[in-house]
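S.K.: One-letter residues, chain by chain:
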Amino acid sequence: MKTFGGLRIAVAVLAIIYILIPLIVVIPASFTSANYPSFPADGFSLQWYGKILERPEFLEAFLNSAKFAALAALFSVIFGTLGALGIAKYDIPGKSYITALLTSPLSVPQLVLGIALLMYFTPMMLAGTSAGFLIAHIVICIPYVMRLVLTGLSGFDYNLERAAAILGANPLTVFMKVTLPLIGSAAISGGLFAFLTSFDNVTVSLFMVSPEMRTLPIEIFSQMQDAYNPIVASVSSVVIFISVLLIVILEKIQGVGKVFGGSHHTNG
Amino acid sequence: MEPIRSYASQEIEREKNPIEPQKEPKIKKRKVWVPGLLLLTPILLFIFGFFVIPMLYILYLSFISTDNLGGADAVYSLKNYTQLFSDSYYLSSLWLTVKISLYSVLVALFLGYPVALTMAKSSARIRGYITLLIVSPLLVSIVVRNFGWYLLLLPNGTINQTLMALGIIDAPLKLLFSEIGVVIGLSNAYLPFMILSIVASLYNIDPSLDKAGAILGASPFRRFFSITLPLSIPGIVSGCILVFSLSMSAYVTPALMGGANVPVMPVVIYDQINNLLHWTFGSALSYILLATTVISVAVFTRVFEKGKFKEVFR
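Residue numbers (my numbering), protein chains in the order written: chain A, 209 to 476; chain B, 714 to 1027.
Only chain A is shown next, with the shape it has when bound in the complex (with noise of 0.2 Å):
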């Protein structure tokens, strides 16, 4: 029964292909020297990248995804790790219902997420504000890094950290030189993931957005909606480049796949 295996295989790398085809169509596509985005191309130039640079909006929108996934990607990470620490290393009662507590804005859709914080922060003038925008995506972020760093902790020995106190190191000098660099790579991979993950999201930003403040999702988002231009193409190669940058990073430090056990990811 050589076929049933055959079969298998033939629908696994279709399905492989499925995943990845609408991410490989956009790079080539990028290089048209036509007027109208296609796939296979037409011709061949670098026109719609250099485009990009004459819209400013692009670039503005860009710097601002940059800085609030960096900003939102530190404060996730001093909030996870300092939080999963809390429950790997101490005994707290319910721990387990905390850790669902900090894990679960995962199983909120985004949609609703978006719509409470819009509500929430409305009244207190934080609606369309740069705070408001990166509570919102902190909020997204936790979830991950908590994840990551405790699977991280899992297998952590204590007894060092022990044996660093008797031999008569303060509890900083401990941290710094004997916990924080043995937690340190699940740490930055936590960082990276936020990054990526705020760096990428449309829905809950949708509502935290302003007219003056918008990031290279949104912008990406609103001229799909209104016009039909290459140079979406050419920006949306970009963004493939650096998820795949920060990718093929956090692939060398932890693993892609351990974020993603069992976890419900909503950005669709």
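If you're looking for bench data, these hints aren't it; they were derived computationally from the structure.
Backbone N, C-alpha and C define an ideal beta-carbon position, used for all residues, glycine too.
Take the hints with a grain of salt, since some may be wrong.
[Stated by the list, open to error] Some but not every residue of chain A turned toward chain B, in silico, with C-beta under 7 Å: (1) PHE287; (2) LEU293; (3) LEU310; (4) VAL347; (5) THR411; (6) GLN431; (7) ILE455.
Starting from the structure of chain A, add chain B where the hints point.
M.R.: Then chain B, alone, in the frame of chain A:
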């Protein structure tokens, strides 16, 4: 033999909960959870202040039937909730959302199962590569992935041109801005979750069962349908639930791939909140969407638990 056995069971206990630190002698515990709580304080305050309270706040808003958001003269009623059932527009939107989510689940299941099976049969190296290939696209913005589908599905896009060149169709098919487009976008986005769920349950199957089947003369086909498939049902169920819940609440993909032609609930809710500024009604619709998802999942789980696969769930 007794001490060894209890040690072994402890080992197993520990492996089940990799997140929990090693069980240590009890003396150390009790006193030292205070610093743990201190470490948790910032994140707990943050999640309470900016997640739990906002979610409860829109639940409260959803019971206000005036435009006045919770002021002194606000009118509290169930009107926002009953409006859904009195207006066929919202009911048909809800049904459309369920229907499209079910189609996405089916596509993801039929494409995903063979990938999961291939992963389970591969070496750790190949499995790692496949995981990287299927998970990485999740880290690229959904708008970019949808743009890729634009290129493929437009009336003069790759798929229509190929089909026409091959003489299979005469006129371009309406793939984009239709239900087909939304199902393609959603199943594409959530297929990796289906694969990972099924793979997790395939790993748990004892490989000697398959060997026993082979020794007893069962064909690979027979072994798959009598051994592997029934034993992987928990993974299938959790994958289906995951893809269904994600599809029910997806906004960006239906907005881009379906637009006004496919008014699923998230698109309708977004419209109520951002364009019509019906904030309390939008809040109620959000909770109705959440409730529909939770109830569908509960019914689905119950059907499977009651059905002939009961033994699988134990």
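S.K.: Taking the hints in turn, state whether each one holds.
M.R.: So, going through the hints one by one against the coordinates:
Against a cut-off of 7 Å between C-beta atoms, the interface hint on PHE287 of chain A holds, since the closest Cβ of chain B lies about 4 Å away. Satisfaction of the interface hint for LEU293 of chain A is found here, the shortest Cβ-Cβ separation to chain B being roughly 5 Å, below the 7 Å cut-off. Look at LEU310 of chain A: its Cβ gets to within about 6 Å of chain B, closer than 7 Å, so that hint holds up. Annotation: interface hint on VAL347 of chain A holds; nearest CB of chain B at approximately 5 Å, less than 7 Å.
A distance limit of 7 Å between C-beta atoms decides the matter here; for THR411 of chain A the minimum to chain B is near 5 Å, and the interface restraint holds. Checking GLN431 of chain A against chain B by beta carbon gives a least distance of about 9 Å; that is not within 7 Å, so the hint is violated. Annotation: interface hint on ILE455 of chain A holds; nearest CB of chain B at approximately 5 Å, less than 7 Å.
Comparing the model with each numbered hint stated earlier shows that hint 6 is the single one that does not hold.
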